[in-house]
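Going down the list, the protein sequences come from chains A and B.
Mind the numbering: the first sequence is residues 1 to 106 in UniProt numbering, read in order.
Mind the numbering: the second sequence is residues 1 to 177 in UniProt numbering, read in order.
Check each hint, because a few of them may be wrong.
[To be verified] If you want the footprint, here are the derived chain B segments under chain A, 3+ residues with CB under 8 Å: (1) 4-14; (2) 91-99.
[Said to hold, decoys possible] Partner residues are not named here, just some residues of chain A that face chain B (Cβ under 7 Å, in silico): (3) D12; (4) E20; (5) Q21; (6) T47; (7) L51; (8) F55; (9) S58; (10) I60; (11) T62; (12) L63; (13) W66.
Just so you know, these hints were derived from the structure itself, not from any lab.
Being a predicted model, the structure only gives us computed values, none of them experimental.
Ideal Cβ positions, reconstructed from N, Cα and C, are used throughout, including at glycine.
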Amino acid sequence: MDYIKSIPTHMDYNGQKLAEQLFQGIILLFAVVGFIWGYVCEQFVQTIYILGAGFVLSCILTLPPWPIYRRSPIQWQKPREEADTETKEVAPAKEKKSSRRKEKTK
Amino acid sequence: MNTVLSRANTIFAFTLSVLAALTFCCFLTTAFDSNIAPFYVETAKHLVKNTYTQHGEKVDRGHITFDLTSDLDPLFSWNTKQLFIYLMVEYKTPQNKLNQVVLWDKIIVRGGKANLDLKNMNLKYPFYDDGNGLKGHENITMTLNWNVVPGAGLLPRIAGDGRHVFTFPNEYSTKRI
Chain A
1 MDYIKSIPTH
11 MDYNGQKLAE
21 QLFQGIILLF
31 AVVGFIWGYV
41 CEQFVQTIYI
51 LGAGFVLSCI
61 LTLPPWPIYR
71 RSPIQWQKPR
81 EEADTETKEV
91 APAKEKKSSR
101 RKEKTK
Chain B
1 MNTVLSRANT
11 IFAFTLSVLA
21 ALTFCCFLTT
31 AFDSNIAPFY
41 VETAKHLVKN
51 TYTQHGEKVD
61 RGHITFDLTS
71 DLDPLFSWNT
81 KQLFIYLMVE
91 YKTPQNKLNQ
101 VVLWDKIIVR
111 GGKANLDLKN
121 MNLKYPFYDD
131 GNGLKGHENI
141 TMTLNWNVVP
151 GAGLLPRIAG
161 DGRHVFTFPN
171 EYSTKRI
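Produce the entire structure from the sequences given, and follow the hints as far as they go.
Here it is, written out as structure tokens:
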């Protein structure tokens, strides 16, 4: 279980943008090539097959969160040392309070 | 785009949109085709009988055979699914300004033999007039028409390039056919 949980499944924001641009480019490229090829050999089904190949390729390239999509992790700020005074003043709902306290105790 | 499923959904939806666009482009490439081809048709054994229809009306029924030659291969483009061709006669009677009767038809699928050379063919559908207009009629025009059934797009009805005019005899035939 620990090994499975240790597999990273995350894509950072730049990675998501890259993945989207990548699959759009691939599918559009295959669509254009397939359209021309289908027109040349007078078989529209060839166009559909080539588009399907583009779909499969872009699935392989962008569905799994490959390491290339994890190159720019978000730089989080460091947690503050002391409990901030704001939460005490506003006094949110009890449940939230308790959960926050638990977090702090951790 | 942050989970595998949302990416799969996006890719699939995008692919379908692209496919729809491609199909529309495919339709556009063939939308302005004329789809007209020449044909040659000849008829023989013109007979007309005075018989009963299945509804018990006594009407004229024509009997003919025909030869048909046409090369329809050029009608098949990458957007053509099949051809529906039909042989139609048009004539005028005192009762009706225009009678149109379909006597024979055929479906030519993609990859089928579209280079027709038919000899001595019988009619597929009976040639009934709705009265007694066939006996001695001198101007019956036979044409070949077709629908080009597309993969995507409109269903045009095309009249082929050609016609054949024939006549029926002045006497009713009593021969068995």
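Quiz item: Which of the stated hints cannot be reconciled with the structure, identified by number in ascending sequence?
Solution: 2, 3, 5, 10 and 13
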